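Next come the chains, spelled out residue by residue.
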Amino acid sequence: MVRLVQSLVDGALQGSVLSLAAVGFSLIFGVLQIINLSHGVIVVLGAYLALMLRRLWGVDPLIALPAVAAVCFAFGYVYQRYLISPAIRRANLLYSLLVTYGVALVAQNAFTLVFSPDNQSIRPDYANQFFRIGGVTVNVLQIIAFVASVLLIALLAFLLRRFPLGRTIRATAEQALAARLCGVDVDEVHALTFGLSAAFAGAAGVLIGMLYPFAPTAQENWTIYGFVVVVLGGAGSAAGALLGGLLLGIIGALTSEYIGPAYPNAVVFLVLVLMLLVKPNGLLGSAFGGSR
Amino acid sequence: MTVSRRAALKMGGTALAYLSAGRAFADSKTITFGGSVPMSGKDSATGLDVYEGYKVAVKYINEQLGGAKIAGQTYKLALQLFDDASDPQRATTLIQKQVDGGTDFFLGSFSSPIVLPSAAITERAKKPMVQAGGGADQIFTRHFRYVFGMYPRASRQLISLVAMLKSMSGEVKTCSIIATNDAYSKAQTAGASASLKEAGVSILDTFSLPPTATDVSGVVNDLRAKTPDVLIATTHSEVSELIVQQLVSTGTNIKLLFFSLGPENAAFRKNLGKYAEGLTFIQYWKASYKYTDPFFGSNQKFYEYYKSATTRKESYQTVAAAACITSYVKAMQDAKSIDPQKVRDALAALDYESFYGPIKFTPDGDGDPVLMGAAIGQVQKTGLEVIFPAKIETAKMIFPLPAWSSR
Numbered sequence: 018m019v020r021l022v023q024s025l026v027d028g029a030l031q032g033s034v035l036s037l038a039a040v041g042f043s044l045i046f047g048v049l050q051i052i053n054l055s056h057g058v059i060v061v062l063g064a065y066l067a068l069m070l071r072r073l074w075g076v077d078p079l080i081a082l083p084a085v086a087a088v089c090f091a092f093g094y095v096y097q098r099y100l101i102s103p104a105i106r107r108a109n110l111l112y113s114l115l116v117t118y119g120v121a122l123v124a125q126n127a128f129t130l131v132f133s134p135d136n137q138s139i140r141p142d143y144a145n146q147f148f149r150i151g152g153v154t155v156n157v158l159q160i161i162a163f164v165a166s167v168l169l170i171a172l173l174a175f176l177l178r179r180f181p182l183g184r185t186i187r188a189t190a191e192q193a194l195a196a197r198l199c200g201v202d203v204d205e206v207h208a209l210t211f212g213l214s215a216a217f218a219g220a221a222g223v224l225i226g227m228l229y230p231f232a233p234t235a236q237e238n239w240t241i242y243g244f245v246v247v248v249l250g251g252a253g254s255a256a257g258a259l260l261g262g263l264l265l266g267i268i269g270a271l272t273s274e275y276i277g278p279a280y281p282n283a284v285v286f287l288v289l290v291l292m293l294l295v296k297p298n299g300l301l302g303s304a305f306g307g308s309r
Numbered sequence: 412m413t414v415s416r417r418a419a420l421k422m423g424g425t426a427l428a429y430l431s432a433g434r435a436f437a438d439s440k441t442i443t444f445g446g447s448v449p450m451s452g453k454d455s456a457t458g459l460d461v462y463e464g465y466k467v468a469v470k471y472i473n474e475q476l477g478g479a480k481i482a483g484q485t486y487k488l489a490l491q492l493f494d495d496a497s498d499p500q501r502a503t504t505l506i507q508k509q510v511d512g513g514t515d516f517f518l519g520s521f522s523s524p525i526v527l528p529s530a531a532i533t534e535r536a537k538k539p540m541v542q543a544g545g546g547a548d549q550i551f552t553r554h555f556r557y558v559f560g561m562y563p564r565a566s567r568q569l570i571s572l573v574a575m576l577k578s579m580s581g582e583v584k585t586c587s588i589i590a591t592n593d594a595y596s597k598a599q600t601a602g603a604s605a606s607l608k609e610a611g612v613s614i615l616d617t618f619s620l621p622p623t624a625t626d627v628s629g630v631v632n633d634l635r636a637k638t639p640d641v642l643i644a645t646t647h648s649e650v651s652e653l654i655v656q657q658l659v660s661t662g663t664n665i666k667l668l669f670f671s672l673g674p675e676n677a678a679f680r681k682n683l684g685k686y687a688e689g690l691t692f693i694q695y696w697k698a699s700y701k702y703t704d705p706f707f708g709s710n711q712k713f714y715e716y717y718k719s720a721t722t723r724k725e726s727y728q729t730v731a732a733a734a735c736i737t738s739y740v741k742a743m744q745d746a747k748s749i750d751p752q753k754v755r756d757a758l759a760a761l762d763y764e765s766f767y768g769p770i771k772f773t774p775d776g777d778g779d780p781v782l783m784g785a786a787i788g789q790v791q792k793t794g795l796e797v798i799f800p801a802k803i804e805t806a807k808m809i810f811p812l813p814a815w816s817s818r
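Going down the list, the protein sequences come from chains G and D.
Residue numbers for the first sequence follow the working numbering, beginning at 18 and rising by one.
Residue numbers for the second sequence follow the working numbering, beginning at 412 and rising by one.
Just chain D, with the same shape it has in the complex (with noise of 0.2 Å):
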């Protein structure tokens, strides 16, 4: 057989380039982070800021330091994130998907009726799943061994809030909370009216709204009436904002206004203009907080290069977003290994101080109560500040609000 110094060639570099893209390929391993996030439908607002800190925290570790260093490795970083339209539905048959595919390792979405179908899944595939998106109970409470969130469950977000209102030496007597009829906010509802009720603060009312509420007129006509000295709304961003409307719009001026959702989010605060000053939310992260970190060196420097990756204004969740992905990266790093069941158990066990703050799970997977606990924000010259608690204020609480009429 004789062969031509044409077809030599040719197989001679065949064979080189076959070579070099397996030694590329042995060279950039990859870890690749599934899951889905809702990148459109109702919960799309707070589901981008979500996928905005999954991707700058990607970017960071890929381009800042060449990828995520594990047991003598380098690994680059991957999203395989899809939409899954607000829809509990399109996100679990995304996720099965994926498992079926042989993804190792999942980010969570956004709302607790999507994390928890979601985590279900991946928790019988045995698979860990970081999450900043759900709160409910029910994701905590199943005994899940795979599932973590940045947050503690939604009946203990509020005990930051009632301590605050205890603190105020009785100048908050009464309340009324408006919740809306969802996994995350009655549950945040029952843990906060049970400590509401040992701080000696009487709720008068406790209103239930539907998830989509387009009017809460009779709602406010009732406020009115009765006229708590705070008023506590564990409702989403779109409920917490027609809520204030109306209050505003009808003369309803209430001393205090809690709102769980909603004040931390830039175009919240942008379309109530003037009207946002004053409210309180939970704030689990502000860039001033001084913590270091182990990727970022700090949360300034996280917070510098957050603002230089992209134009998108960020919020708690979009921080905690991040966090997940850095959590994964320390917690295979403590592992040594990136094998599935060994990273569970390092997540298990982190306790690391962060730019989002310190990191440590409870046994059930949600944020260590006390480490991880929100302190309270208020919004003031437009600004978000820490009102509460004391050691780490950086502004006094204003109280009781300005009437509307006066702004």
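For reference, chain G alone in the conformation it holds in the complex (with noise of 0.2 Å):
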């Protein structure tokens, strides 16, 4: 019993930081309809700028937290803005899987020349406290990363539904042509949402940073999660991003448990077929497919 309660805590655990690095994923995927192949190059810059900022100036990789997200956040809106955008309206949406993955590449080496391809890591001392409860033994920053997930996708549902912005967001993923006959700067907006989802994508890639060694070839990682949390939980909302994340979690978990610790990838990958077979929109569906 001890077995399974650990294995769902550490599931639920490493779930929630699945969920905030795919939320952004998602809501591009939402409200864009684009398949950001470089999601993990954002995830990944997110930890490369918190380690920079800790080797400059010693700064705790939490109190960076928001300077890495606003930095994404600029980072995404000019590369939606200048790059992917200007792709799309020379040709179709399908360029902006050239793009994006034309730019992962590119990054994952310029992060190999910037920083080196050795395995970094910006784990902080007290990042090794525990503590048991019985005989269930949890990590505490897994504690803070889990609060800190929770609460920036608690943020990210509340900013969605009742902000000025993210009623813009939906109305312009919900039907582009009628926001923009309504005066909404429908470019403006897209931008927006992608600095947006590239602010919770680097907020991730700093928990993850602490929690996990990171190198340039992981970003390949976080954007295969991102792809499967979306279509666990359903495009386009913070509610979906979150069960995907979790459920990818636990079942990671109890299949590492109960299976055997070299076939997570494995089982997570069957249920992803099987939930593109049975149920392709995921388990909340799409937030904005009823509406196109």
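If you are wondering where the hints come from, they were derived from the structure by calculation, not from laboratory data.
Just to be clear, a hint being listed does not mean it is correct.
To be verified - A few chain G residues that face chain D, going by a derived Cβ cut-off under 8 Å, partial list only: (1) Arg20; (2) Asp27; (3) Ser102; (4) Pro103; (5) Asp135; (6) Gln137; (7) Asn145; (8) Thr185; (9) Ala232; (10) Thr234; (11) Asn238; (12) Gly269; (13) Ser273.
Note that the structure is a prediction, hence the values are computed from the model and not measured.
All C-beta atoms in this analysis are idealised placements derived from N, C-alpha and C, irrespective of residue type, glycine included.
Once you've looked at the hints, go ahead and assemble the two chains, each given alone in its own frame, into the complex.
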């Protein structure tokens, strides 16, 4: 029983970070209908920015998190506005796949040039504190990451639901033409949405850099996880990303415990295929699919 | 026909230039070593270590010795190594291109999944490959004649670890093994498992991880529940680091921790800081070893030159890679030829002491398990010490390891 509870706790804690890393991917897919193959790059960028702040000025990664998110927001805004959007305008939506894939390759090599291909870590000393309750071991940093992830995802949900920008994003996602007719600058909203998604990916990158070693090649994994989370939970909503991430974490932890540590990926992708067959819009469905 | 003075001067100048170019070509014969290394991608951290070793040895021979002297001729050495991006498919395309282009001598990439298919191509072309990046048994059990490795095959690499555990007068009775699902790790695990059983150490669990594991909390939970006396991880550097991080962050204490790859790497130790202290690993080379060398003079002189030639911190893979170059030159000198077939035969017959240690290959091409076998090292005060075998130890082993919380 303790082993089961331990696996569920480990899975949920890891899943919350996966949710935060994937929520931006989900939002971009839901609103702009772009599969951002460079999403993992922004996650890793967040980790490297936190590393730089730590090396240069000794800034604790958690304190660096808002600054990293702000830089990633600016990067995402410029990236969408001046690279992805023109590519789509000149050709079609499919070209965004090529552009984002190309950027991912270039960025991975740029990270290697600047930071070396070696593994890096921004794990602070307090990251290794832990406590035990009834035989279940919980790491303090994982709790911090869990709380930060849930709070940030809740903040995004609140922003999308209650703030004018959120309403504009939702309106643009549901009917871009109608929004344009109402005077909404759709290109600007798309760039802001991309920036917002990048900010969340960068914030997740900081937490991930604290939890796990990272290297330029890690970006591939975080893009794949983003895709899996969207398929499991549904595109475009914070709740869908949270659910998808938690499911991904828990499935991985239970597989590792009861089938074997070599098989979490195999089982996760099996579930992914089943979901695509049975419920292709994810458990919560596409947040904006109904109106399209 | 009349020729103007200007035209005559032009023709004369051209002829002179042509003659002097031909003379220069004849004087500066070049031996090119082809191949690929992972300069990017998942294996690039160690791949760049290997690359640095090749570069430094070539630089030394060209600049300090004026070239390689073979059968009365002096040759410059050149590297023609391309980035295989840690991708076996890309590596094989690059190697095939070089074979088709007439390259006669090859150096190896890093990691067995890349070296194995690359070696199959050079073998088919009957071109020698000397490599410091692939230890998987499959490289050396397919009756290849042209492939030589600087380490014993993977299944023989942990012989000294088991001997060390056996020598600890019964203090180590149980162990758990973590392996990744790749040729090198699996072969090493199979070899270690067999000899551990013979040594009377009981194996509680053998965990198998995917090569790119991102979380090992399930494995760590099992380790905490059973607590073996020693954990043996035949994992690559990034997974080794993840395992240590998760052991520390859950307070999972084990008396002795061994990692095949990781602690020898400076970035690995820097990332883990005080938690790297006490980790044990395979130690193929150490700067303080007293070896003589026909090119550098001694191991100490090699190390001094290495430090002056590059800023990249060395690992044993770096030194083994440098030894690939000098072994090639030694074989060419012994063969008195740069004919690939004769050089291959001379490589197979090599038996000499180098800065890397004694170099002698088995008939299958891997390093002789006795002469080229590993010592066991331990991270102590951020440096690397040899703790086994006793005759070359530079420090006493820290055992049992202190609890994470007391560091």
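Hints, one by one, checked against the model:
1. The criterion of a C-beta within 8 Å of any C-beta in chain D is met by Arg20 (chain G), whose closest approach is roughly 7 Å, and the hint holds.
2. The beta carbon of Asp27 (chain G) comes within 4 Å of a beta carbon in chain D, closer than 8 Å, and the hint placing it at the interface holds.
3. Evaluation of the Ser102 (chain G) hint against chain D yields a violated restraint, the C-beta minimum of about 29 Å exceeding 8 Å.
4. This hint is violated: Pro103 (chain G) has a C-beta 28 Å from the nearest C-beta of chain D, more than the 8 Å allowed.
5. A cut of 8 Å between beta carbons decides the hint on Asp135 (chain G): the least distance to chain D is about 4 Å, and the hint holds.
6. Annotation: Gln137 (chain G) was flagged as interfacial toward chain D, and the flag holds, the nearest CB pair being 7 Å apart, inside 8 Å.
7. For Asn145 (chain G), the interface hint holds, the least distance from its beta-carbon to any beta-carbon of chain D being 5 Å, beneath 8 Å.
8. A least Cβ separation of about 36 Å between Thr185 (chain G) and chain D goes past the 8 Å threshold, and the interface hint is therefore violated.
9. Hint status for Ala232 (chain G) relative to chain D: holds, with the closest Cβ pair at about 7 Å, below 8 Å.
10. Here the hint on Thr234 (chain G) is kept, as its CB sits about 5 Å from the closest CB of chain D, short of 8 Å.
11. Taken as an interface hint, Asn238 (chain G) checks out: its beta carbon lies about 6 Å from the nearest beta carbon of chain D, inside 8 Å.
12. The criterion of a C-beta within 8 Å of any C-beta in chain D is met by Gly269 (chain G), whose closest approach is roughly 7 Å, and the hint holds.
13. The interface hint given for Ser273 (chain G) is met, as the beta carbon of that residue sits about 3 Å from the closest beta carbon of chain D, less than 8 Å.
Of the hints listed earlier, those the structure fails to meet are numbers 3, 4, 8, in rising order.
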